[in-house]
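Novice: Protein chains in written order, with our numbering: chain A, 81 to 721; chain B, 81 to 721.
The set of hints was computed from the structure by calculation and includes no laboratory data. There's no promise every hint is true.
[Stated by the list, open to error] In silico lysine-lysine, DSS-like type, Cα no more than 27 Å apart, as pairs: (1) A:K533 to A:K307; (2) B:K534 to B:K219; (3) A:K626 to B:K219; (4) B:K551 to A:K671; (5) A:K108 to A:K152; (6) B:K671 to A:K594; (7) B:K304 to B:K534; (8) A:K594 to B:K604; (9) A:K671 to B:K594; (10) B:K604 to A:K604; (11) B:K594 to A:K604; (12) B:K551 to B:K594; (13) B:K594 to A:K551; (14) B:K626 to A:K671; (15) A:K626 to B:K483; (16) B:K671 to A:K626; (17) A:K594 to B:K594; (18) B:K533 to B:K522; (19) B:K304 to B:K522; (20) B:K626 to A:K594; (21) A:K533 to A:K551; (22) B:K483 to B:K432; (23) A:K152 to A:K304.
Protein chains: 2
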Amino acid sequence: MTITNLFGKKIIICDGAMGTMMQKYGLKAGELPESLNITHPEIIRGIHKEYFDAGSDFVSTNTFGANAYKLKGSGYTVDQIVNQAVKLAKEAALDTVSQGEKYVALDVAPIGRLLEPVGDLTFEEAYGMFREQIVAGTKAGADFILFETFTDISELKAGILAAKENCELPVFASVTFQEDGRMLMGSDPLTAVNIIQDLGIDALGVNCSLGPKQMVKLIKEFLKYSKLPVLVQPNAGLPVSVNGETIYDVDFAEYTEAMLEMLQAGVAVAGGCCGTTPAYIEELVSRIKQISDQYGADKIRDPEKTPFPALASDAEERRAEKAITAVSSATKTVILDDRIRIIGERINPTGKKLLKEALKSGDFAYIENEAINQVRAGAEILDINVGLPEIDEQEMMRKAIRKVSSVVQVPLQIDSADEAVIETAVRLYQGKPIINSVNGKKEVMEAIFPIVKKYGTCVIALTLDEKGLPKNTQERLDIAERIIKTAATYGIGKERILVDCLTLTVSAQQSAGKDTLEAIRQVKSRFGVKTTLGASNVSFGLPERKLLNRTFLAMALEAGLDAPITDPTIEEYTDTIRAFETLSGKDIESKDYIVFYGNKSTGSGTQSSGMVPSGSNGNGTKADAGENGTKAGFSLSALTL
Amino acid sequence: MTITNLFGKKIIICDGAMGTMMQKYGLKAGELPESLNITHPEIIRGIHKEYFDAGSDFVSTNTFGANAYKLKGSGYTVDQIVNQAVKLAKEAALDTVSQGEKYVALDVAPIGRLLEPVGDLTFEEAYGMFREQIVAGTKAGADFILFETFTDISELKAGILAAKENCELPVFASVTFQEDGRMLMGSDPLTAVNIIQDLGIDALGVNCSLGPKQMVKLIKEFLKYSKLPVLVQPNAGLPVSVNGETIYDVDFAEYTEAMLEMLQAGVAVAGGCCGTTPAYIEELVSRIKQISDQYGADKIRDPEKTPFPALASDAEERRAEKAITAVSSATKTVILDDRIRIIGERINPTGKKLLKEALKSGDFAYIENEAINQVRAGAEILDINVGLPEIDEQEMMRKAIRKVSSVVQVPLQIDSADEAVIETAVRLYQGKPIINSVNGKKEVMEAIFPIVKKYGTCVIALTLDEKGLPKNTQERLDIAERIIKTAATYGIGKERILVDCLTLTVSAQQSAGKDTLEAIRQVKSRFGVKTTLGASNVSFGLPERKLLNRTFLAMALEAGLDAPITDPTIEEYTDTIRAFETLSGKDIESKDYIVFYGNKSTGSGTQSSGMVPSGSNGNGTKADAGENGTKAGFSLSALTL
Ligand SMILES: [Zn+2]
Ligand SMILES: [Zn+2]
Ligand SMILES: [Zn+2]
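Looking at chain A on its own, in the form it has when it is part of the complex (with noise of 0.2 Å):
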């Protein structure tokens, strides 16, 4: 029996703190603390045996810092100490008083070196490091393996990735904050949990950080996003200097009341993290056998009733009901919530001259304006196109995610025809990107749905298949709900889906316009997914264009459209918007239209360009989600400009 399946049959109870008891017994500063499986196997040991005895389902091993970067210069190899840590785990399992079957985890820590672009380690490396550890300890036989305390998530998910990919082992993630409420690159908990649940992990959380208390606010973000089951390791608090010992200021009953507090909120796996002791833990499975024992097996399951949701009889389903559309950057997510959200088309050289020149001269200041003008003007994702014939479009893909992620923090969008460069840019891109995109076509699905899965991103559907394109409404439907059944035979929920009915040209089709606005209201209704479009296409080969394409943007997003894809430095399409937002009800007692155009000339028709705090300002009907979905979302003032 596998760790997972304990979910929703019992809290799952970590362990506490290694490193602490470990100094308690006799790690001296300086000393590298993985060396003591080897030195001091029996301490080790010893350790993990409390925590089982304290009621502990699992233990972490000592394999913190067991990297290569961390171990060079010891004289022990990673596999070396990661073999020796899985067999003291496995052997204090086997020594425990306590009842229940017990498991070992592999622990996996940050490698110790920051990731580019801010450090010099390689998305690579520290994947070939993390496969490292990985391998050697599901070679010798851990359970499952834990991330614990990553601060980068770009970091974690080569991990994730280096897990997945060489292992078949489950896989809990958990992440640290700082007192900010981000973590150390700027993630907040929304973020966190928008990257990582979709990379095919069991169970997500946080772990160090804070005390008990000051993490109950994060704990509750995380269970409010998370479709998978939360994990909980917090500090006693803070290390106090008494007596020249140091010790933690939250003692285990202060700890068990804000875990019971984060338990009855909906957390699945509790544990601690520096500063907790084995004593932490009896006491907090103590208080939870007691209050198990008060309602009984029945009555725990019973959803209306039980004091700890994880264990609800509908706890996943609950779970799966919070799927949200999200896409995010390392550091700002952006929820396709009722608000109309503006996917910048710019940064695409067909038909643009000048982009084109700039890619193949390589001038990012170029492309990096384009992006600061098109966040400025109110999008909100931006779509990265970089294919020309001339260029190794891999390489530009590349480096024009990592200059745009640079200047704006908005989510991105891979833009390419070769799913070769969509998996280099995905995997490289520090977020939940969208691709963009797939269709019906089979060749086409099975290229991209594998990558989409593997790297947890959203995709574009595009109603078109080896048929090609749709005739009307009903072609569209079809071939949306095949896109949509196919990618759930994938494990990739609809909510990680925006349909585009795609709009052709009305002057060569003239039911096109109708048909795709009509296949938008219904691909809504019926399948309940998002919806984008490319909407100027609408308008070609005939005169006026803008006209044509401001009306139908407006006509399309009363069919439903969620996220236009546009460009939104010319202000006809940007005021549409932000009119429509205001007279559907999504643009809350008209706040961001007001403080937009309150200041100017009614009638003007044009506008000072400038700060665009508007369109953007999640005051959707799901309040709470929106108030998150664009905390980062709007704070232009926080572009690197």
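With chain A's structure known, arrange chain B with the ligands on it following the hints.
Specialist: Structure of chain B with the ligands alone, referenced to chain A:
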């Protein structure tokens, strides 16, 4: 049994010419034809008997000119002539050798003097003379009233009102066209049908005018739009002089052939006019009998097989299905088909200082100019509101209608809070106007619906009632349903109702826009009615109102708005409507769009003023209806500028 009971049971056979028969029997040139009723009763009785013997179900009394104007100085009173004429026809009916029930129609023809504004006869003078004739005919025992050979719909309307208000008899109304397919005052067949058919009559049709062959096309137009049984009485071709005798150039074989074609197209009442004789009627009756006998009594009612659709078992339902929403001036009809029809709102003093001053000083040039400018800019219907506390609204409305009608051809919408003003206006108006408005208040419905019914108008139904403004979509739907159902109790079909779902101000109540759009969508799908909307309220209190209004307009059109009430001189709005029509496929092949914008530079955003052949060229999907509805509608060149 009244004659209307024959509909669906048999083709009703009229008589043929009276005038040419009287000449044959000795009426001299210059002699008053109606005097023969007194001086030679045997001749008149004899002609009637000849027609009855030939198989006519009814004959028309010899009262074509029996009105006070024409009888002036003749020595006879209207009462005297009419009484004698009816008596003679009734005697002939009793004397006939032919089978079946025989009826006497009181023949009523134009007064012989043109009505205002072309002539000097007032509407009420005409009404008074018709009343005198009708009261006399009713008293004398006529079975129904036949208005025939009318060339001015306004005069016919005076006659029909006189009949409906002074007797209980059935009314048939027949008009006369010139060779150009228009009546003397310019009405085309659609306009004639549209204005007449809701005045409470029982049958309508065409007489005199042309020979039978040329009549076919006209009659098919009538059959296309008429909800009532259609009557046809063509001339026997053109008069030619042979050996000093006037004869007609179409013999009864040719006549019968054309009559059968029209009967096969659905005509229900058939006879002849100038030049036709009892022999024509006999031949027609014989051929109808021959064909009917071939089919047999059961098959003749089979909708799929009958040679005479007027006899099909579902004839009445089929006619009812033709109900279209259409408004007319005297010369032009606008069908609310799937094209968007702009109702120009500028002639309304609310908030318009210059118009207020013009009304106070009686400056009709200003009002005429507003009308011309709106039509030039694309309005197809004009709202007329002249309500100001300081002026005689009734008198001002009368003048405004006349002045506006003298410079533009478009149908008018009569807008007043005073039902006396409304009744005065629609009584006088030479067309089928829209009344603006009724609402869900019991008192208002009881005041307005009798006017709508009597004058056969369309009406705007505002979704508000005793409880005030609607709070949400459901309240709008409930009120709309109540108004539609109440209208039905008056015999007012839903095709004459334009529901206005009322846009409130989003700055005051944010759900207002959304609720209105949802109501439009549902009102259309549930009740199958057309919709109108004065959309500029929506932006009240917010900056950049034109932006909000144009965006809301596009959203409302997408939701199903048919006839926006707006200011067509604001290009943002008409631009949006033209774009919408192209994008939604209503403007087939974008023809109107290209005509309007084709010669303008792309993206200029501005446009020269000028002719507006677009937006209203009825190339809707109901191609024929559209074609006809706008034939006059768009000939701005025909404007009397
Ligand atoms: Zn810690
Ligand atoms: Zn005639
Ligand atoms: Zn006649």
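Novice: For each hint, tell me whether it holds in the structure or not.
Specialist: Results of checking the hints against the structure:
| no. | hint | verdict |
| --- | --- | --- |
| 1 | A:K533 to A:K307 | holds, 15 Å |
| 2 | B:K534 to B:K219 | holds, 23 Å |
| 3 | A:K626 to B:K219 | violated, 70 Å |
| 4 | B:K551 to A:K671 | holds, 22 Å |
| 5 | A:K108 to A:K152 | holds, 19 Å |
| 6 | B:K671 to A:K594 | holds, 17 Å |
| 7 | B:K304 to B:K534 | holds, 24 Å |
| 8 | A:K594 to B:K604 | holds, 17 Å |
| 9 | A:K671 to B:K594 | holds, 17 Å |
| 10 | B:K604 to A:K604 | holds, 21 Å |
| 11 | B:K594 to A:K604 | holds, 17 Å |
| 12 | B:K551 to B:K594 | holds, 12 Å |
| 13 | B:K594 to A:K551 | violated, 31 Å |
| 14 | B:K626 to A:K671 | holds, 18 Å |
| 15 | A:K626 to B:K483 | violated, 39 Å |
| 16 | B:K671 to A:K626 | holds, 18 Å |
| 17 | A:K594 to B:K594 | holds, 21 Å |
| 18 | B:K533 to B:K522 | holds, 16 Å |
| 19 | B:K304 to B:K522 | violated, 36 Å |
| 20 | B:K626 to A:K594 | holds, 25 Å |
| 21 | A:K533 to A:K551 | violated, 30 Å |
| 22 | B:K483 to B:K432 | holds, 19 Å |
| 23 | A:K152 to A:K304 | violated, 41 Å |
Violation of the numbered hints given earlier is confined to hints 3, 13, 15, 19, 21 and 23; the remaining hints are satisfied by the structure.
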